[in-house]
Amino acid sequence: MRVLVAEDHKRLATALAEGLRREGMAVDLAFDGRDALDHAAVNRYDVVVLDRDLPLLHGDEVCRSLADARSETRILMLTASSTIRDRVEGLGLGADDYLPKPFDFAELVARIRALARRSSPPLPPTLAHGDLALDPSRRTAVRDTRPLSLSPKEFGVLEYLLAADGRVVSAEELLERVWDEAANPFTHTVKTTVGRLRAKLGEPPVIETVREGGYRI
Amino acid sequence: MAHAHRSLAPRRWLRLSPRSARVRLTLLYGGMTMLLGTAILALVYLLSYHSAQVATVTTAISGRKRGSPPGSVAAFPVGALHRLVQVPAPDHTIAVDQRNSDFSHLLEILWVGLALTTLGSAVIGWFAAGRVLRPLRKITSTAQTISAGSLNQRLALAGPDDEFKRLGDTLDALLARLEASFDAQRRFVANASHELRTPLTAERTMLQVALADPDMTVDSLRATCEELLVAGVEQERLLEALLTLTSSERGVDHVEPLDLATIADTVLRSRDAQARARGLSVQTSLRPAPAGGDPALVRRLIDNLLDNAIDHNIPGGEVTIATAVVGTTAVISVANTGPPIPADQIDRLFDPFQRLDGRSARDDGHHGLGLSIVRAIATAHDARLSAHARPAGGLAVTVSFPAASASAAGPHVSAPPGVLST
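Here the protein sequences come in this chain order: A and B.
Following our numbering, the residues of the first sequence are numbered contiguously, the last one being 217.
Following our numbering, the residues of the second sequence are numbered contiguously, the last one being 422.
Treat the hints as calculated values from the structure; they're not laboratory data.
Careful, some of the hints might be misleading.
Computed spacing ranges between beta-carbons, pair by pair [what the hints assert, rightly or not]:
#, chain 1, residue 1, chain 2, residue 2, range
1, A, Thr192, B, Ala223, 21 to 31 angstroms
2, A, Arg118, B, Arg187, 41 to 51 angstroms
3, A, Asp165, B, Asp347, 49 to 59 angstroms
4, B, Ala223, A, Thr145, 33 to 43 angstroms
5, A, Thr145, B, Leu200, 37 to 47 angstroms
Straight-line C-alpha distance at most 25 angstroms; calculated SDA-like pairs for lysine to any residue [to be verified]:
#, chain 1, residue 1, chain 2, residue 2
6, A, Lys10, B, Ser270
7, A, Lys10, B, Phe164
8, A, Lys10, B, Thr224
9, A, Lys200, A, Pro147
All values derive from a computational prediction rather than experimental measurement.
Ideal Cβ positions, reconstructed from N, Cα and C, are used throughout, including at glycine.
Kindly produce the complete structure, drawing on both the sequences and the hints.
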């Protein structure tokens, strides 16, 4: 899952990024409104965590632009103002959800996951394929009652392939959706991660390689 | 509340209460007409009565003495009375009876006329008063619908520049000022809550992320703790700035004689290293500038001005600070080189939490309160604050305090010009 955190308070932004990455999300950071729009124009994010009070371009404007683009990106607005009027305004601008500051990190994670599930088609809270089951919110993956110990990236790849529901997913797409922009697109990161994931999943093989296409479950 | 007022409004205007200006004006018109009418009619009646009496007596006398035909005294003011004199009145008493009955008839006519005039004037007065008071009604009904949330409404009375128009315009100007001050207050609260809640959120997130780390180590926890301490210091600074702002807005508690040059000198010494570290050259011209005020607040004012001049500067730039007596004012001016500032942004700089576009991250130790504290302290001291963008970039701020007489300023030490140049 790819997330953009647009927040001008650097300390908060970095803490959020650290926590969300540990949850297996690919996180990019933007410290002002224009930066946020630039990021959103280049990458396809599942969720944008948007602070309302951004410099250079106000969060409301960013939200409007993102909503006007009718992308599948879900917008979670953060704001220090907790009045109902502000909440209504924020949602009216096209935000999908609204979280007043200060919030609990666990709640933020839960809301991001809930928003990401609302992509089309809606995904169930637990992904399953054969004897393989994956619970994104609990960060657990089970194969035939055997719990799997996966790294965040391995988990992300497995989650994305399961969510693709049989569709062929290219290595580039995996790189874009599971890794953040710090990843080097010319490495074999995806290949090695998929290799390690296969080893952990064990027999019979679940992930299928499609020649010149990518991967499929 | 507003709804209750609104529903009451039409009834209040229709009610025939003596407290209603319309009713009072109507009563006034009617009453005046009645009084004047009564006076005029009484005058007419009395004159007629008097003349008739004289005529009757004359007729009676002349009729008896000379037997002259009746009607010779025809020059009677009221036509109705002609009959009186036409009466061949050998008998005086008949003429007097007839005259009395005619006069009571006249009185009836006069009464009816008076009543009709009074009624007519009351009706005309009612409509005239309604027309004259119409702008007032508009003012009332509009004012009743205006609440704190809809201060953007205006009366906008049309029509000639009369008393009502002037009242409406005055109220509009008052509303504009109220709206501006409400807006400023709302912005301040919104900004303050953002500035206070965001670091709080950051701290909570840092703690929760650190605690949720499955590979938590003593070192990772220590790093988090140290970061939290730094964040705490920043919050302390913000709170202190907010407290300074509110306390200086409250006014000056005690006024002492002070010299702007001495305080500027002290502040300069404490900021010297900071300016040097940024490679800035500081030009000073500190002449004695005695004034009265709270030394701590004035020091804070100069400190903030200098802080701003150093922070918003360019590498290898310049800071100029000067104090002097100009006319009846003690003036301190601080100017700095820096990025260009649009002229229309200057006023905004002195609003709380305002910062010019281009500064992105907020956790740089600045909260955009420095210059608003400067403005609050200047206002509390009745000092005039003026700021302008320098053409080559940067800001020049001048604060003019009402000067104290030289004797009241007490002893002061001032640095000779240029002594602190680095």
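Taking the hints in turn, this is what the structure says about them:
In this structure the hint that A:Thr192 and B:Ala223 lie 21 to 31 angstroms apart at CB holds, the actual value being about 30 angstroms. A hinted range of 41 to 51 angstroms is violated for the C-beta pair A:Arg118 and B:Arg187, which are about 34 angstroms apart. Distance hint check for A:Asp165 and B:Asp347: the Cβ-Cβ separation is about 58 angstroms, which falls inside the suggested range of 49 to 59 angstroms. Separated by about 39 angstroms at the C-beta atoms, B:Ala223 and A:Thr145 satisfy the suggested range of 33 to 43 angstroms.
The beta-carbon spacing between A:Thr145 and B:Leu200, approximately 44 angstroms, falls within the hinted interval of 37 to 47 angstroms. With a C-alpha separation of about 29 angstroms, the suggested pairing of A:Lys10 with B:Ser270 is violated against the 25 angstroms cut-off. As the CA atoms of A:Lys10 and B:Phe164 are separated by approximately 56 angstroms, the hinted pair breaks the 25 angstroms bound. Annotation: proposed proximity of A:Lys10 to B:Thr224 holds, straight-line Cα distance about 15 angstroms (limit 25 angstroms).
With a C-alpha separation of about 10 angstroms, the suggested pair A:Lys200 and A:Pro147 falls inside the 25 angstroms cut-off, and the hint holds.
This entry does not satisfy hints 2, 6, 7, going by the numbered hints stated previously.
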